[in-house]
Every structure is written in structure tokens, then in C-alpha cells.
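Number of protein chains: 8
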Amino acid sequence: MLLNKDQKLLFIGDSITDCERVKPEGEGLFGALGKGYVSFIDGLLQSVYPELGIRVVNKGISGNTVRDLKKRWQEDVLNQNPDWLAIMIGTNDVWRQYDMPFIKDQHVYLDEYEDTLRKLIKETKSFVNGIVLMTPFYLESNEHDAMRRTMDQYGAVVRRIAEEMDCIFIDTQAAFNVVLEQLYPATLAWDRVHPSVAGHMVLARAFLKKIGFDWNKM
Amino acid sequence: MLLNKDQKLLFIGDSITDCERVKPEGEGLFGALGKGYVSFIDGLLQSVYPELGIRVVNKGISGNTVRDLKKRWQEDVLNQNPDWLAIMIGTNDVWRQYDMPFIKDQHVYLDEYEDTLRKLIKETKSFVNGIVLMTPFYLESNEHDAMRRTMDQYGAVVRRIAEEMDCIFIDTQAAFNVVLEQLYPATLAWDRVHPSVAGHMVLARAFLKKIGFDWNKM
Amino acid sequence: MLLNKDQKLLFIGDSITDCERVKPEGEGLFGALGKGYVSFIDGLLQSVYPELGIRVVNKGISGNTVRDLKKRWQEDVLNQNPDWLAIMIGTNDVWRQYDMPFIKDQHVYLDEYEDTLRKLIKETKSFVNGIVLMTPFYLESNEHDAMRRTMDQYGAVVRRIAEEMDCIFIDTQAAFNVVLEQLYPATLAWDRVHPSVAGHMVLARAFLKKIGFDWNKM
Amino acid sequence: MLLNKDQKLLFIGDSITDCERVKPEGEGLFGALGKGYVSFIDGLLQSVYPELGIRVVNKGISGNTVRDLKKRWQEDVLNQNPDWLAIMIGTNDVWRQYDMPFIKDQHVYLDEYEDTLRKLIKETKSFVNGIVLMTPFYLESNEHDAMRRTMDQYGAVVRRIAEEMDCIFIDTQAAFNVVLEQLYPATLAWDRVHPSVAGHMVLARAFLKKIGFDWNKM
Amino acid sequence: MLLNKDQKLLFIGDSITDCERVKPEGEGLFGALGKGYVSFIDGLLQSVYPELGIRVVNKGISGNTVRDLKKRWQEDVLNQNPDWLAIMIGTNDVWRQYDMPFIKDQHVYLDEYEDTLRKLIKETKSFVNGIVLMTPFYLESNEHDAMRRTMDQYGAVVRRIAEEMDCIFIDTQAAFNVVLEQLYPATLAWDRVHPSVAGHMVLARAFLKKIGFDWNKM
Amino acid sequence: MLLNKDQKLLFIGDSITDCERVKPEGEGLFGALGKGYVSFIDGLLQSVYPELGIRVVNKGISGNTVRDLKKRWQEDVLNQNPDWLAIMIGTNDVWRQYDMPFIKDQHVYLDEYEDTLRKLIKETKSFVNGIVLMTPFYLESNEHDAMRRTMDQYGAVVRRIAEEMDCIFIDTQAAFNVVLEQLYPATLAWDRVHPSVAGHMVLARAFLKKIGFDWNKM
Amino acid sequence: MLLNKDQKLLFIGDSITDCERVKPEGEGLFGALGKGYVSFIDGLLQSVYPELGIRVVNKGISGNTVRDLKKRWQEDVLNQNPDWLAIMIGTNDVWRQYDMPFIKDQHVYLDEYEDTLRKLIKETKSFVNGIVLMTPFYLESNEHDAMRRTMDQYGAVVRRIAEEMDCIFIDTQAAFNVVLEQLYPATLAWDRVHPSVAGHMVLARAFLKKIGFDWNKM
Amino acid sequence: MLLNKDQKLLFIGDSITDCERVKPEGEGLFGALGKGYVSFIDGLLQSVYPELGIRVVNKGISGNTVRDLKKRWQEDVLNQNPDWLAIMIGTNDVWRQYDMPFIKDQHVYLDEYEDTLRKLIKETKSFVNGIVLMTPFYLESNEHDAMRRTMDQYGAVVRRIAEEMDCIFIDTQAAFNVVLEQLYPATLAWDRVHPSVAGHMVLARAFLKKIGFDWNKM
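Chains as they are written, first to last, in UniProt numbering: chain A, 1 to 218; chain B, 1 to 218; chain C, 1 to 218; chain D, 1 to 218; chain E, 1 to 218; chain F, 1 to 218; chain G, 1 to 218; chain H, 1 to 218.
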């Protein structure tokens with residue numbers, strides 16, 4: 001597995017990462033990691049690889065776009081000195097264009113998204129062992145849906161940056177698409193954005209498989 | 001995997017099973033299955049085997065002993081017509097002997113525990129495809145600890161009944177013991193009884209492995 | 001306009017009708033009619049036709065299907081002696097098939113829906129001046145979407161019954177479709193089901209136009 | 001209609017405008033515009049003219065007099081860069097003279113009211129496409145009632161300023177008077193000041209008719 | 001003074017009497033008598049005539065009409081065995097005709113009011129030392145106002161019954177009218193019905209003067 | 001009566017004055033004056049002398065001693081420009097010596113009490129029409145009780161200062177003593193300090209009689 | 001010590017016994033015994049005599065008089081099968097005569113008190129090992145105070161019954177009197193009835209000394 | 001006894017000392033000292049030695065380690081000018097190593113613990129009459145348990161410093177061990193750290209015996 005003994009793994013993102021985590025710490029006892037995929041990843045790492053002592057930190061904040069990440073990057077990422085960094089951002093960058101179309105100053109368009117994300121990764125790359133880039137996703141199976149189409153463009157940007165910067169890339173949309181062949185989106189998320197426990201398990205599995213986690217280890 | 005399309009899997013037990021599930025239904029949207037191992041099993045089944053449409057129901061109630069299960073067995077188990085039934089009971093049967101030693105009418109001693117559990121399974125066996133019996137556990141690594149020793153006796157009863165009745169048997173204490181070699185009990189449970197997310201993942205994995213769940217299926 | 005002096009107009013339905021109305025009365029001061037289309041219709045009738053003294057009653061209950069309406073029909077409709085009755089039901093009959101696909105006993109399939117609705121109208125027809133049948137709707141512009149397709153089938157049943165029974169028919173889906181040509185569904189409803197204020201205005205206007213309400217009357 | 005594509009329409013006023021709007025933004029999803037006439041205007045604009053994408057902002061604050069508006073004018077009006085501005089103020093300027101007659105420093109008398117309102121409009125006129133001036137009103141049908149008489153004087157000031165400054169003028173008192181011929185004031189407002197839903201519909205209709213809104217457009 | 005040592009004085013009525021009294025007792029320590037005129041009368045009786053030990057009981061219930069009093073007369077009046085009974089009812093009988101004009105089954109018209117009130121007094125007269133009849137009132141100084149005119153008719157009924165039945169009569173409207181010559185109604189009541197502390201003092205004084213209370217006694 | 005048209009009467013003191021008044025204003029609608037003697041005085045002044053328009057302000061704060069009054073004198077008294085000032089302080093200065101005898105830095109002994117009170121009145125005298133000095137009191141009828149004896153000493157200081165400075169003097173202890181001849185202290189106050197409604201009426205009457213209030217005026 | 005291994009000691013009484021105990025059980029973990037002398041006795045017994053396993057049960061209910069005890073005696077005492085019974089009742093029997101003197105049906109006078117208490121003990125005596133009778137008390141050091149004098153009479157009744165019936169007698173008033181020589185009553189109880197922690201320690205010590213508890217045992 | 005008239009005794013520590021004390025004062029009426037051993041010590045001192053007037057102050061704060069004490073030492077200890085100081089710290093210094101083993105920056109290891117504690121006592125010694133050092137404890141009877149072993153090392157440091165600095169030393173672990181011979185740890189603490197009432201009585205007795213408190217004094 002990619003993670004080594006005593007390393008710190010930090011997640012940053014929006015409400016899908018946040019999931020009611022304890023603020024500002026984002027770690028500790030009693031549900032401090034929230035109720036979503038970050039907590040599930042931590043629980044599985046701790047129960048299957050207890051000897052590694054991986055320290056998981058959740059710095060997701062609901063409603064964040066990449067523009068917000070930029071503002072708190074120094075404090076919430078660099079100052080934390082993580083060994084591994086996982087980023088999943090873009091949902092709100094896209095969603096605001098579709099649920100509040102008239103309030104344009106809250107939209108983060110593709111150019112700003114790409115520039116900002118690239119810049120953040122560039123300035124962080126050398127301080128960490130590795131970066132995991134997770135695409136944003138939209139739980140809509142119709143590829144021609146307007147918002148799904150936009151989300152796919154943002155996902156493509158994530159893939160491009162991952163390749164350029166040699167990051168670990170996770171296509172969360174692809175992971176969900178397999179499940180969406182069997183289940184209608186409403187089963188996985190009441191608003192096509194915030195996943196159910198099953199949806200968060202999709203994210204956790206996608207992440208863990210990529211970093212070489214072995215379910216059958218013990 | 002043991003479970004087949006459109007089957008119903010019902011869990012019954014105490015607070016470790018309950019975990020703030022919605023009452024009285026024990027199923028539905030928005031965290032209806034609680035925050036523990038039942039919810040994790042459901043989330044993993046739904047995300048990896050969406051085509052099976054397994055219906056998971058949680059009928060755990062905090063503080064229950066096997067004496068309480070007996071009282072609500074008709075309504076909460078038989079009337080539900082599950083295809084599969086999973087039982088984890090015994091924590092409070094033992095715990096009350098150690099945290100409220102002077103209030104003896106709340107203690108369920110080994111004989112009553114064994115008789116009641118056997119009787120419940122006997123009268124249910126023929127109505128279901130299969131029964132999974134999970135031992136109660138105590139997150140204490142010292143085998144000579146008084147309460148751990150008692151809990152092990154209750155676990156031995158569960159194993160014996162599982163063999164007699166041809167149930168699927170899960171030794172949760174054994175599953176935890178492997179992790180307790182690496183972690184002090186306080187990391188997994190503030191009171192050595194109610195597990196953290198990591199502890200519930202130990203339970204979920206122990207269950208899923210036994211029923212043939214394939215993490216790498218898709 | 002169809003409504004005459006001192007008549008009582010009763011709405012029945014699910015959460016889209018309910019909208020936090022006061023229970024059990026469904027009428028009175030201080031927001032007793034809820035925050036949705038029923039309240040808007042009442043407000044517009046009272047402000048434009050104050051001389052008519054139309055009494056509006058809201059008997060919507062969140063989560064209801066046509067199966068639930070049947071159970072409370074005597075008390076909430078017949079005992080109320082309305083002059084006009086408006087029904088909008090079916091959302092949950094369909095939705096449960098898509099957001100809780102494995103819990104089949106909560107699904108109300110097309111046959112039961114049609115039979116029940118027809119029966120209710122048949123037994124009520126002679127006691128009222130007129131019945132307004134509003135289709136259920138789904139705020140999804142893709143006609144090939146599975147749930148939209150199902151919802152359209154339920155809407156078609158409503159249209160058929162309206163014709164058979166000589167009811168006033170309102171195609172709410174059609175009313176929304178015009179708006180959906182301009183706005184993405186997320187603008188009108190966070191879950192594609194519960195409309196924003198704008199969405200409720202679509203419903204109110206569709207209703208009022210059908211009953212001959214004159215916006216420019218005074 | 002007066003409003004054009006992508007324009008911003010800002011309302012400012014007292015509790016009748018405020019109506020529990022989200023603070024400080026005064027716009028957004030989930031009832032951010034409050035429960036009164038501003039929300040109804042927004043809902044009707046969005047549902048009938050979705051192609052225009054009008055952005056409505058509510059900056060009402062409960063208890064405000066024109067003296068309070070002056071203090072927050074820079075931040076809540078000028079900094080917002082609205083294309084259209086609607087003002088309804090004066091209720092509390094008058095009311096305090098009648099419900100707290102002994103606390104004179106909270107009374108805003110006619111001279112101060114007129115001077116302040118004129119000054120605010122003068123300094124704003126050139127930055128916006130147009131200003132809508134709505135009179136304050138009092139839901140009392142007796143013209144000789146002392147407070148109604150005072151309120152009418154404040155309304156006359158609004159009319160005079162509207163003419164001087166070439167603003168769109170809305171006589172809300174006149175709009176209510178037509179309804180008060182049919183309904184006793186208590187039906188429209190428990191305190192003769194804060195309108196019911198029907199009362200807010202009177203305000204919304206008066207506004208919309210003035211700006212050329214077409215109810216039957218689609 | 002009319003009241004004698006160790007007598008019980010019971011008040012019954014609507015919200016003006018109720019004023020958050022403790023239910024169901026209507027007597028006791030810590031504000032059990034509510035915050036209105038009943039509490040003020042009790043406080044003045046106890047502080048000026050402590051040697052009499054008058055027991056005051058408050059059986060007002062918000063929203064009540066004379067129709068409601070009739071339903072609870074046996075339990076709340078006759079079973080209580082009061083020595084003196086004070087009744088102030090009629091506000092809601094009239095108000096509902098003006099604030100909910102379309103919901104006619106909640107209106108108690110003049111005939112029903114008179115018949116019911118007379119009947120209640122007739123069946124009680126012989127069991128008590130005396131009955132005090134207080135008119136309902138409306139804090140509107142314009143005698144030609146529709147609701148004020150109706151309230152005056154109900155007040156006239158109270159006066160007539162008091163004369164017929166030899167009850168002590170208190171014209172609360174008259175008591176308020178003197179004050180309304182100086183103060184606008186909004187100073188005494190936000191809704192012209194529920195009095196401020198000053199308004200309740202008007203009621204308390206009108207009552208106490210009638211029963212011979214001597215402010216300067218000690 | 002001493003008070004003239006349009007004058008402002010300000011009360012300052014501790015919890016007995018405070019009584020849940022609205023902070024920081026201490027005046028306004030809806031119980032802003034609290035639930036005690038200040039509110040009763042205001043209610044009686046307004047109902048009997050409405051033509052005077054007396055403005056009553058309550059600046060009592062729970063737990064205050066004269067040491068606390070000194071700290072907020074500029075803001076809460078001088079800046080308020082009252083025409084009349086009423087002061088009742090000393091309860092806590094004494095009480096803390098008896099309920100928290102070991103925490104001596106919270107005791108305000110007689111010397112400090114006298115010096116501080118005299119100084120406050122000296123610096124205020126010339127700015128107001130008159131000052132009313134009310135003694136603190138203790139609802140204990142045994143004059144030899146230790147705390148009652150101390151309270152009487154503080155009351156004597158108040159009397160002495162009133163004479164020196166030509167203030168209106170109210171002996172509240174004497175007013176209560178008359179009632180205590182008939183009633184046990186527990187009837188008037190659960191802790192012998194915070195009066196019931198009847199106890200607050202004793203205070204209100206003592207005050208009103210002193211300023212020439214005429215109960216029978218109208 | 002009087003108590004033997006595995007015995008059950010039940011306390012019954014009013015609010016001084018109750019002290020927020022868990023209802024209806026009156027025993028268990030996490031403060032189930034309340035915050036007063038019962039909890040302190042239990043804590044000291046368990047920490048000094050852990051080998052005895054004494055089971056303490058608290059059946060105090062706030063506001064109770066001996067009349068109330070009688071109503072629940074079968075359920076709360078006899079059905080509980082205690083080995084030892086401790087009774088402290090009478091505070092409210094007396095207090096109501098002094099804080100609500102006019103509501104005479106809530107007073108329990110001396111005769112009723114004595115008869116009822118004697119009867120309860122008579123019917124219980126043979127079922128228990130022993131009964132502890134604790135006098136009610138009043139934290140007033142002046143013996144000539146009216147309520148203290150009455151309370152002393154009730155205490156004398158308790159002493160008499162204890163002698164007649166051969167019960168263990170505890171004079172709580174005497175225990176407090178020693179402390180009241182040093183401390184003013186307000187230090188021990190805000191209302192002279194409900195003791196502070198120190199006051200409850202006085203009760204706990206008085207009880208424990210009587211039953212032979214040895215503070216220095218270990 | 002060691003304590004003399006009018007002295008101040010200050011306790012500082014973590015949650016075991018804190019126990020919901022009032023913040024920031026840590027003294028006063030109505031449970032200001034919390035619900036644990038500090039409150040019990042105060043209650044026993046006040047009830048048995050009322051003539052001494054000992055002032056007890058509680059400055060415990062939940063979650064504190066010796067590192068936290070250092071930060072607030074000036075304000076919470078030195079500025080308070082206590083005559084006697086009691087310190088019980090170390091629980092969290094150790095616990096964090098066992099319940100959050102991966103978050104190492106929250107661990108306070110033995111060296112830092114010893115250095116900090118010694119330094120705090122050194123700088124305080126000369127300002128107080130005496131210092132009481134209480135060991136931290138762990139309610140686990142197995143001496144070979146990892147966390148118990150570590151806690152014993154911290155306890156040994158406390159003993160060493162007490163000897164060096166001539167402080168009064170209390171071995172709380174030893175006091176608990178006697179009880180743990182009879183009771184399983186879960187009876188005394190749900191998490192082996194936060195004692196029940198009985199556990200707090202163990203602490204209070206250990207403290208009081210050491211300072212010469214005489215249970216039988218009066």
C-alpha cells in the first residue's frame with residue numbers, strides 16, 4: 001500500500017468531504033471526521049492496518065468552491081504538513097451555475113477553476129509524498145444533461161492536471177456510473193449531489209483501491 | 001455470495017446494532033439504518049451489488065438483553081418475514097453484572113441467556129433462509145479480566161448454539177482481538193463496549209467476509 | 001370565474017400541497033394554509049375577489065400516496081363538505097419506486113393508483129360542485145429519464161380519469177415544462193420534486209387560469 | 001415589461017419588506033427572500049419570465065425608519081449596484097408616534113422623513129435604471145383615524161418626491177383601500193400593519209402591474 | 001368591601017383573562033394567575049387586605065367564546081364552588097366574524113351569545129354570593145367602526161342580563177373609552193384586543209372600584 | 001401630583017427593579033419594563049394619567065450593588081437625562097454577607113454603601129427635578145434576625161441621605177411590615193427577597209402614594 | 001453497621017429527597033439517585049463498604065406531603081421489598097400553610113399528618129428489617145418563628161411515632177441547628193427549605209452516624 | 001486540621017476536578033463548584049467546620065493537561081492568592097497516548113510532564129501555606145494494563161516531586177485500588193476515568209483524611 005507508518009493523510013473539499021466533521025480540527029474522537037467517505041476510509045485503514053497508525057484529517061467545508069480553497073490553503077493544507085493530500089472540489093463551482101443561475105458572482109467558471117487548481121497543486125507538490133486528485137461528480141446518468149455535461153468538463157480538467165503534475169487520479173464519476181446502471185440517482189442522493197451511505201462507500205472504495213488497500217489483509 | 005436478489009436481511013440486537021437507527025421502521029432514507037455496522041454493511045452491499053437489491057432492516061434497540069429480544073420477537077422478527085436474520089446480543093446481559101452489580105434483577109445469567117437464545121432460534125429457523133449468529137464482545141485485551149472472561153463464556157454459548165442449529169457463526173471477539181494486538185482498547189471504544197467507526201468496520205468486515213462479499217467485484 | 005360566493009374550496013394531496021400547513025385544521029390565520037401553492041391561490045383569491053369570500057382549506061399531508069388518501073377520505077374530504085375539491089397526488093406513489101427501490105411494499109403501482117383514484121372521485125362526484133384534478137409532476141426536462149417517464153404515465157391516468165369523470169384537468173407537468181425550457185431543474189427544486197416559491201407560483205397560476213381567475217380584475 | 005435581461009432589482013424597506021429574509025445576503029435558495037411580497041414578485045417573475053433571469057435582492061430590515069435606511073444606504077443600496085431600486089418606508093416613522101407616543105426620540109416626523117427620502121433618491125438616481133417608490137400604508141378604512149391620516153400625509157410626500165424625481169410611483173394605500181371596501185382590516189393584518197399572504201399579494205400585484213408584468217404571457 | 005374573609009373569587013373568560021396562567025389549576029405561586037388583570041387584582045387585594053385571605057382563581061382560556069365556556073362550565077365553575085364569580089367573554093365571539101369572515105362555523109352570533117350567557121348565569125346564580133359581569137371591549141375609539149359597533153351590541157347584551165339577573169355590571173368599554181380620549185389604541189394594544197399592562201390596569205381598577213376596594217386603606 | 005406632562009421617570013436598582021426588563025433599553029412595548037413594581041407604576045400612571053404622557057424607564061440590573069451602580073451611573077443615569085430619578089439599592093450589598101459569607105470581596109459594607117450612594121446623589125441632584133430614595137428591604141418580620149437588622153441599618157443610611165439631600169424618601173420596609181403582620185414572609189417571597197405580584201404592588205403603592213397619585217382620579 | 005450484605009435501602013420523601021433523581025426507577029447509573037443526601041449516602045456506602053453491595057433506591061417526589069405518600073405507598077414502598085426504609089416527610093405539609101395560606105385544601109394539618117404517618121409505618125413494619133424516621137426541618141434559627149414552631153411540632157410527632165413503633169429516629173432539625181449557630185440560614189438554603197450541598201452533607205452525616213457508618217474504616 | 005479560619009483553598013485540574021463547575025468564577029451559590037469531589041469537600045468542610053469559613057475555589061477545566069495548566073497558571077492560580085493549593089493533573093497527558101495514539105502532538109510525555117509540574121510548583125511554593133499533590137489515576141485493576149502502567153509512572157513522578165518540594169501527597173490510585181478489590185471498574189466509571197459519585201467520594205475522603213478532617217467532630 002502507498003501509505004507508510006505514521007503518515008498523515010489530509011482530505012480537503014466541499015460538503016461531500018465535510019459531512020458534519022468537527023471544526024476547526026477535523027480529527028479526534030467521536031465522529032470528528034464526519035459521516036462520509038473520509039470517516040469510512042479512516043475506519044477501514046484503522047481496522048485493517050492498525051499497525052500503520054495512519055492519521056487522517058478532514059478539512060472539507062460545506063459550500064466551498066476552488067476559490068474558497070485558495071483562501072484557506074495556507075492554513076488548512078500547508079500549515080498542516082500532510083504526507084498525503086487528497087482533493088475533491090468542483091461541485092459547487094458547477095452547481096451554482098445551475099441552481100442560482102442569476103447570481104453570477106457565485107459561479108466559478110472552467111478557466112478560473114483550472115487555473116486555481118493547477119496553481120494550488122504546483123505550490124504544494126514538493127511538500128508532500130503524493131497528491132490524490134478526485135474528480136467532482138454528478139449523480140445523473142444522462143450524459144446529455146446540461147449540468148452533467150458541465151461537471152464532466154470539470155472532471156476532464158482534473159484528469160489533465162493529474163497527468164501534468166503526476167498526481168494519483170480518481171475518476172469518481174466513472175465509479176458512480178457503474179452503480180447508476182443499476183440504480184436510479186434518487187437512490188444514491190436526494191439532490192443528485194450529496195451521496196447516501198452507499199454513495200460514500202463508492203467514494204471510499206474508489207480511493208482505497210487506488211492506494212493499494214487490501215480488504216482481505218486480515 | 002449467500003444473499004440472492006430481492007432478499008431481506010434483518011439485524012437484531014442492542015445499542016451496538018441500534019446506533020441511532022430510525023424507530024420503529026429501521027429502514028428508509030437519510031440514515032434510517034443508524035451509524036454503525038448495519039449501515040456500513042448496507043452501504044457496501046448496495047454499492048457493490050446494486051443489482052441484487054438487498055433490503056436491509058435494523059431492529060436493534062439500545063440496552064436490550066436477550067430477555068428483551070424475547071418480548072419483541074414476534075413483532076420485530078417473525079412479522080417482518082426476513083430471508084436472512086442476524087443476531088448479536090449479550091453485551092448488556094453481561095455488562096449489568098459489572099456496572100450495576102447490586103441491581104441483580106437486571107442481570108441475565110448464562111443459563112437464561114442460553115435457553116432464551118436457543119428457543120428463539122428454534123422457533124425461527126424454518127421461516128428463514130439462514131441465521132447469522134454474532135458473539136457479543138468486550139474490547140479488553142486482557143483475557144483474565146473478569147468481564148472479558150464472562151463475555152467469552154457468553155460467546156462460547158453462541159458458538160455452541162450456532163453449531164447445534166447450523167447457523168452461520170461469527171466470532172466478533174476474535175475479529176477485534178487481532179486489532180487489539182496493535183491498538184489499546186480506548187482507541188476503539190470509550191467504554192470498551194461501543195465501537196468507534198473503525199470498530200464498526202471490524203464488525204462489518206467480519207460479517208461481509210462470512211457471507212462471501214467480494215470487495216473487488218467491481 | 002367558476003367559484004361563487006361563500007363557497008369552500010378544499011385541496012388534498014402530499015407534501016407539495018401540505019407545505020407546513022397547520023394540522024389538523026388546514027385553515028385559519030397566520031400561515032395556516034402553509035407556504036405553497038394553496039396559500040398563494042388563497043392569497044390571490046382573497047385579494048382580487050374579496051367580495052366572494054371563498055373559504056380555502058388545505059388537507060395535504062407530507063409523504064402521502066393515493067393509498068393514504070383513501071384511508072382519510074371520509075374524514076378529510078367528505079366530512080368537510082367542500083363545494084370544490086382539488087386533488088394532486090402521485091408523487092410519492094412514483095418516487096418510492098426510485099428512491100427506495102428495495103422496499104416494495106411502499107410502492108403504489110399504476111394499477112392501484114388508477115383504481116383508487118377513480119373510486120375516490122366516483123364516490124365524491126355527486127357531493128361537490130366540481131373536482132379539479134392536477135397531475136403529479138417531476139422537475140426533469142429529459143422525457144426519457146426513467147422516473148419522468150413513469151410520472152408521465154401517472155399523469156396520463158389523471159387525464160383519462162378527468163375526461164371520464166368530467167373533472168377539470170390541469171397538466172402541471174406541461175406548465176413546468178415551459179419554464180424548464182429556460183431554467184435547469186435545480187433552480188426550481190433542490191430534489192426535482194419540492195418546488196421553490198417560483199415553482200409554487202407555476203402551480204398557482206396553472207390552477208387559477210383554469211378556473212377563470214382574472215389577474216386584472218381590479 | 002420594464003425589466004430587461006440579467007438585471008438586478010433591489011428592494012429596501014422595513015419589516016413588511018423583510019419578512020424573515022436571510023441576512024445579510026437577502027438572496028439565494030430556500031426562502032432567502034422572506035415570506036412576503038418580495039418573494040412573491042420574485043416567484044412570479046421567475047415563473048413567467050424565466051428567460052429574463054431577473055436577480056431579486058431583499059434588503060428590508062424589521063423596525064427600520066427612513067433614518068435607519070440612511071445609515072445603511074451606502075452598504076445596502078449603492079454597493080449593491082442594482083439596476084432597479086424599490087423603496088417602501090415610513091410605517092415605523094409614523095407608527096412609533098402612535099404606539100410609543102411618550103418616547104419621542106424614536107419618532108421620525110414628516111420634515112425629516114421628506115428631507116431624508118429626497119436626499120437618498122437624489123444621490124442614487126444616476127446610478128440606476130429606475131426607482132420605484134411605494135407609499136407606506138395603514139390597514140384602516142376610516143380616513144379620519146388619526147394614524148391613517150398621518151400615514152396618508154407620508155404617502156403624499158412619497159407621491160410628491162416621485163413626481164419631482166421622475167420615479168415610478170405606487171400608491172399601496174389605494175391598492176389596499178379597494179380590498180378594504182370588502183374586508184374588515186383584521187382579515188388582512190392582525191395589527192393593521194403586517195399583511196397576511198393576501199395582503200402581500202395586494203402589494204405584489206400593485207408592483208407587477210406598474211412594471212408591465214403580463215400574467216397571461218405564458 | 002363586598003368580599004369577606006376566606007372567600008374564593010373565580011374569574012372565567014378568554015385570552016384577556018388567561019394571560020399565560022398555569023393550567024389547569026389557575027392558582028398557586030410563581031405567576032400562576034397569569035400576567036393580566038386577574039393577577040393585578042389578586043396582588044392588590046393581597047397587599048391591601050391581607051387579613052381577608054381572599055383566594056383568587058383564574059380559569060380563563062385563550063380563544064374561548066361563550067360556546068366554549070358552556071362546555072367547561074361544570075368542571076371549571078360549578079365544581080370549584082366559588083363565592084364570587086367574574087365573567088368576561090365575547091371578544092372571540094365577535095372577532096372571528098371580522099378576522100376570519102369566511103369560516104362561519106367559528107362565529108358566535110348575538111342570539112347564541114345571549115342565550116348561552118343567560119343560561120349559564122341562571123344555573124349558577126343560586127350557588128354563589130354574587131356574579132360580576134364584565135362586557136367584552138374593543139380598543140377602537142371610532143364608534144362607527146364595524147367591529148366596535150358589533151362589540152357594543154354584545155356589551156349591551158351583558159348589561160341587559162346583568163340587570164335581569166341582578167349581577168354586578170362592569171362596562172369595560174366605557175372604562176377604556178376615557179383613556180382612548182388621550183391615547184391612540186395602538187398604545188394600549190397591538191391588535192386592539194390584547195391590552196398592555198396599562199390596559200390591564202384599566203380592567204383591574206374598573207373591577208376593584210366596583211367591589212368597594214379602598215386604595216388608601218393602609 | 002408631582003410628575004408633570006412629558007417628563008421622564010427613571011428607576012435604577014437591582015433584580016427587584018430589573019424583573020426581566022428588556023436590555024439595554026429598559027423601555028418600549030411588550031413588557032419592556034419587566035414584571036415588577038416599575039411596570040405596575042407605569043401601567044397605573046398611563047391608565048389614570050394618560051394625558052401626562054409620563055415616560056418610564058427601567059435600568060435595574062439583577063445582582064447589582066451600589067458598587068455596580070457607580071460603574072454604570074454615567075451611561076445609565078446621567079446620559080439618560082431623566083426628570084425624576086428613583087433609586088432602590090442595597091439588597092445585594094447586604095445579602096452577599098449572609099448567603100456567601102466566605103467570599104468577602106463581594107460584600108459591600110455599610111461605609112462604602114453610604115459613601116457611594118451619597119456621592120452618586122450629590123453629582124446628580126442638580127440635573128433632575130427630584131430624586132426618590134427607596135430603602136432596601138428584607139421580608140422577615142423578626143427585627144432581631146441578623147440579616148434584617150443589617151438591612152435596617154442600610155435603610156437608616158438611605159433615610160439619612162434623603163434628609164441631607166432633600167430627596168423624597170420611601171420606607172419600603174415599613175410598607176411591607178404592615179402586610180407582614182398578616183402574612184408569613186413565604187407568602188410574599190420564596191427567598192424573603194424577591195417579592196410576588198402582591199409584594200410588587202406594595203412597592204408600587206408606596207411609590208405612587210408618595211408622589212401624589214390619585215387612584216380615584218377617573 | 002446496621003446494614004448487611006446485599007440489602008436494599010429505600011428512601012422516600014419530598015423534593016429534598018428527590019433532587020432530580022431518575023424517574024420512575026430511582027436507581028441506576030449516571031446520577032439516577034439525584035444530587036442530594038441520598039446520592040451522598042450511596043456514594044459513601046459504596047466507597048467505604050464496597051464489599052456489602054448495598055442497593056440504594058430513591059423514591060422521593062418533589063412537592064409530596066404525607067397525603068401523597070399514602071397514595072403511592074403500595075407501588076413505591078411495599079412492592080419494592082426494601083430491607084430498610086427511610087422516611088423524611090412533612091416539609092410541604094407545613095410549608096403550604098405558610099406560602100399559600102388561602103388555599104387550604106393543600107394544607108395537611110397535624111392530625112392528618114400523624115394519623116397517616118403512623119398508619120403507613122404500622123402496615124410496613126413487619127415487612128422490613130428496620131425503619132429510619134427523619135424529622136422534617138426548617139432552616140430558620142429563630143425558634144419563635146411561626147413556621148419553625150409548626151415544623152417543630154411535626155418533628156415532635158415523628159419522634160413520638162418513632163418511639164411507639166421502635167424506629168430509628170433522626171432529628172434533622174437538631175443536626176442543622178448546630179450549623180445554624182455559625183451560619184446564617186441563607187448560606188445553607190436560598191428558601192430555608194432546599195439545602196445546598198453542605199446542607200445535604202448535614203443530612204447524610206446525620207443518617208450515616210445513626211446507622212453505624214465508620215468514616216475511618218478504610 | 002491543617003486549614004485555618006478564613007483561608008482560601010483552590011483546586012486545579014482537568015475534567016475530574018471541573019465536573020461542570022461555573023466558569024470562569026469557580027465559586028458561588030447553586031452548584032458553582034461542580035458535581036464532583038471539590039463540591040463534596042466543600043460541603044463537608046462547611047457542614048462540619050462552619051466556624052472556619054473556608055473558601056473553596058474550583059479551577060478545573062475539562063481536557064486539560066499539565067501543558068494547559070502552565071498557560072493559565074498566572075491567571076487561575078497566582079492571581080487568585082490561595083492559601084492552599086491542590087493539584088490533580090495527568091489523566092489527559094496519558095489518556096491521549098491511548099485513545100488518540102496517532103495524534104502525537106496532543107501527547108504530553110513523562111519528561112515534559114515532570115518538568116512542567118516541578119516548575120509550576122517551584123514558582124508557587126512561597127506564595128501559599130501549602131500544596132496538596134494528588135496523583136492522576138486509572139480505574140483499571142490490572143497493573144499490567146498498558147495505560148495503567150503509564151499512569152502509575154506519572155503517579156510516581158507526582159510522589160517524587162511532592163517529596164522534593166515538601167508538598168502533601170495523596171496517592172489517589174492507592175485509594176481506588178482498595179475499592180477495586182471489591183468492585184469491577186465499570187461500577188465506578190463508565191470509561192475508567194470519570195468517577196461516579198462513589199468514586200468522587202473516594203477522592204474526597206482521601207483528601208480530607210490527609211488534611212486532618214474529623215468526621216465525628218460534631
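Be aware that a few hints might be false.
[What the hints assert, rightly or not] In silico lysine-lysine, DSS-like type, Cα no more than 27 Å apart, as pairs:
1. B/Lys210 / A/Lys35
2. E/Lys35 / F/Lys104
3. G/Lys35 / H/Lys125
4. E/Lys210 / F/Lys122
5. A/Lys125 / A/Lys209
6. F/Lys104 / F/Lys35
7. D/Lys217 / C/Lys210
8. G/Lys8 / G/Lys104
9. F/Lys125 / F/Lys5
10. B/Lys71 / G/Lys23
11. G/Lys104 / B/Lys104
12. E/Lys104 / E/Lys125
13. F/Lys122 / F/Lys70
14. C/Lys23 / C/Lys125
15. D/Lys104 / A/Lys70
16. B/Lys104 / B/Lys125
17. B/Lys35 / B/Lys5
18. A/Lys23 / H/Lys125
19. E/Lys104 / E/Lys8
20. B/Lys35 / B/Lys8
21. H/Lys125 / F/Lys104
22. B/Lys35 / A/Lys35
23. E/Lys122 / E/Lys70
24. B/Lys23 / C/Lys210
25. A/Lys104 / D/Lys125
26. D/Lys104 / F/Lys104
27. A/Lys104 / D/Lys104
Please keep in mind that the hints were generated in silico from the structure rather than gathered at the bench.
Which numbered hints turn out to be false for this structure? Result: hints 2, 3, 4, 6, 8, 11, 12, 15, 16, 18, 19, 24, 26, 27 break, sorted rising.
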